[in-house]
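**Q** The residues making up each chain are set out below.
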Amino acid sequence: MSSHAAIHSPHLRHQFDDLQQQRESAALGMWSFLVTEVMFFAGLFGAYTLYRYWYYPEWDAASRQLDHYLGAFNTFVLLTSSLTMAFAVDAAASGNNRALKRNILLTLILGLAFVGIKIYEYYTKWEHGLVPGSHFHWHAGPGIPDIENVRAAELFFVFYFTMTGIHAFHMLIGFGLLITLYIQAHLNKFSAEYYTPVEMIGLYWHLVDILWVFLFPLLYLIDRNFVS
Amino acid sequence: MKKNYLTNGQTVASWLLTGDHKRIAMLYLVSVTLFFLVGGVAALMFRLELLTPKGDMFIPEQYNRLFTLHGVMMVFFFLIPAVPAVLGNFLIPIMIGARDLAFPKLNLASWYIYVIAGICAIIALIQGGVDTGWTFYTPYSSTYSNTAVTAAVLAAFIAGFSSILTALNFIVTVHTMRAPGLTWFRLPLFVWAHYATSLIIILGTPVLAITLLLLGLERVCGVGIFDPRLGGDPILFQHLFWFYSHPAVYIMVLPAMGVISEMVACAAQKKVFGYEFVAFSSLAIAVLGFLVWGHHMFVTGQSMYAGFVFSFISMLVAIPSAIKVFNWTATIYKGSIVWNTVTMYVLGFLGLFTIGGLTGLFLATIAVDVHLHDTYFVVAHFHYIMVGGSVMGYLGGIHFWWPKMTGRMFPEFFGKLSALLVFVGFNLTFFPQFVLGYLGMPRRYHAYPDEFQMLNVLSTAGATVLGLGYALPLFYLIWSLKYGKKASNNPWHAYGLEWETSSPPPTFNFDVMPVVTRPAYDYDTEAAEQLAKVEDKAIDAIRREHEETAL
Amino acid sequence: MSHHESHVATYVSVYIALLVLVIATVGVATIPLGALAFPIAISIAFTKAFLIIWIFMHVKNESSLVKVFAFLGIGWMSILFVFLFCDYFTRAQTMADYPGAWSHRGRLSAPAEGGHGHHADHPKSNAEGHAH
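Protein chains in written order, with this note's numbering: chain A, 1 to 228; chain B, 1001 to 1551; chain C, 2001 to 2132.
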């Protein structure tokens, strides 16, 4: 069972009996929160599936307006940030504060790169008149057919901006969490005995990654069959 | 005098920055009551309009804003938080033998988030209110309404986070912080009910959140996914909205059912009949409640086949509720019944909830619903459950645990009087509405054909009596804080960990953390009776001694 | 405290597997698979998600309670999907000229006149909603 030191640890909150109960509670609490995040996106995914089914030809064409190689690269970036986050938790569990800080920083930088690329993508969409609203303008191109039901294509872009936008917002929150974590690590708050916040923020970050793992094929890869 | 949670720290800061779940419960009690009053006043106003067939008090636009205000306030700011955030917050740590909830800071945050949401709602009100109904159906709410929809939707969105944080706290606390010996099947049914409710909250509320966010975005940006001009489906909004809002009605009623389980055992001085059935029925309601939302949409153009599925499962979801009613009734049977305020609320709940539940079955039948949809029949049905059920459960619970929360007894005569006024007033208000709906009067109308006037007058008269029944407790409960008789640990001779600690409890709930060895509702055990007598005598003696020696 | 074993090697192998799966996802999209394309893409995505949950998020080593919560969200989302599409996938039987009907698929043109008004719109203007 827990050692004397663990029971009277400065990290032990008064409502808990021991560190193990505290850690279990934190994990269950964070997973319950992640359930709410999944359900939050569930409505969007459901709506997406409906309209993809209804307007498949238009959505096929609209999806081709996105640069899927850039999207794939961005997916690599985010997956790598998940790797560094896993390294960070591992470092914390081993009591290696330097590696912990380094990996938190790497995760943050990769995350910022991801959002940077997304901002560039949004900019190109705006340039091409693909932002929904009064300035939306469809244009055909190589591999991108002309379509009659332009409104349905605009609907695709409503989903594109909403889904990736809400995802990016979650990444911004993640940045705040990572910065806080870095500061705490810098102040030597973590040790092999207590690194729960690192674990919990890691869970959040991995969820943001999982969401993108679904968003990428759904938005960028509806149909990339080569067309003449 | 020994410190309890109320006297331990008397500054404003010690209340507004508290981590103590009991103080947070009291903060919620005050705010929840305020919003109930706002919603109640709105109802009284439109019931006044409905005294006469012509729309002579308000123009239609004003009338629409009044019933919307009533709905938004009552659903999001009263019914959903009331029992969990007031009674649940106060009691759950004590009932499981813990010092506090798992995340006290999140608990306080949930109250502040609730207050901020409430301020948003008041801002919407100041901006002139909303006329879409609390259901915010598109495309009226997203495109055509000229009212403060964005502010109202933002208020509901923010309130959802408050709800989620409370639920998260409950789930974790019940899993990880039960006292030694307190197995799941020794838990009070109040805790089971709140656990099931918390599951519904974390699974359903986020879907409402995204739906309202999308609605807000559509309103602000001018394009959205429900917009028919882009080929969007307005009915999709209804699907996503009701995916949460149907389970929401179980969020509103399950905690009250938990209260009833506690009160009925005490009123009958007998353990709850069929404990496991009542416990599992809470979980069954939580699961089945997610599979029936389409019964709000039978006449929207939804597929007939989907209608079949939703109708059938809606029949099934009545079963666990019925199981509860049967078990509570069996608890009372051959019990040693005490007639007091608490018993009145229990019996009121049993009768009124049963009527509400049965009328739900009529509405679940598609062929009947085609005629009753959007009539007063629906209004009566859900008020029988929400008011006859949830509000009575809440009020009963406030009275039942008032001695524990405040250390004071309320005047029993006035308690009984308001319970009676609430019961009579309620039935007078809402029974005529079943008839009105059956006769075809639509809901959300400010004017109606002359032949419906008599029933409407009865309904408004009832609303006045009901209002009086609600107002009375406000006075005598506050009065009791200063002048009420001091309460012992266990004034009702009830069984439960909360009755083994002082009234009011100390800040960390127990002087000695309990170890549980007895089953729940151990009313029947002779040993328990003897022990209770000895304990009560001893505690009374100690208290008398303290009172004699105190200033 | 027990000595913590480093899992870096496992993380790297899972990472490589994830990268391979991303490449596979892109590759599969270029192959004309018809109706199978969507399920295959989703299956690959679920595989990636599972690896992240099981290994990166340590669910493999957690209690069964945490395991239940880890998959509860996806389970509940499927309830939303099943019942939502209970409606939408069966509407065609009861409605004429329905957008999702098979007669409209495979064409890049709008459905026939007199339907739900999804005509190619007058461009540029935020035309007021068609009477529905």
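Worth flagging that the hints you see were computed from the coordinates, not collected in a lab. As the structure is a prediction and not an experimental result, all values here were calculated from the model. No residue lacks a Cβ here, since even glycine has one placed at the ideal position from N, Cα and C. One thing to keep in mind: the hints can contain errors.
[Said to hold, decoys possible] DEER-style ranges, computed between Cβ atoms: (1) B/Pro1506 to C/Thr2010: 32 to 38 Å; (2) B/Asn1146 to C/Ser2064: 52 to 58 Å; (3) A/Gly95 to B/Lys1482: 54 to 60 Å; (4) A/His186 to B/Val1512: 15 to 21 Å; (5) B/Glu1061 to A/His139: 51 to 57 Å.
[To be verified] Residues on chain C that point at chain A, a partial pick, calculated with CB under 7 Å: (6) Pro2032; (7) Leu2080; (8) Thr2090.
**Q** Among all the numbered hints in the text so far, which are the ones the structure does not match?
**A** Violated: hints 1, 4, 5, 8.
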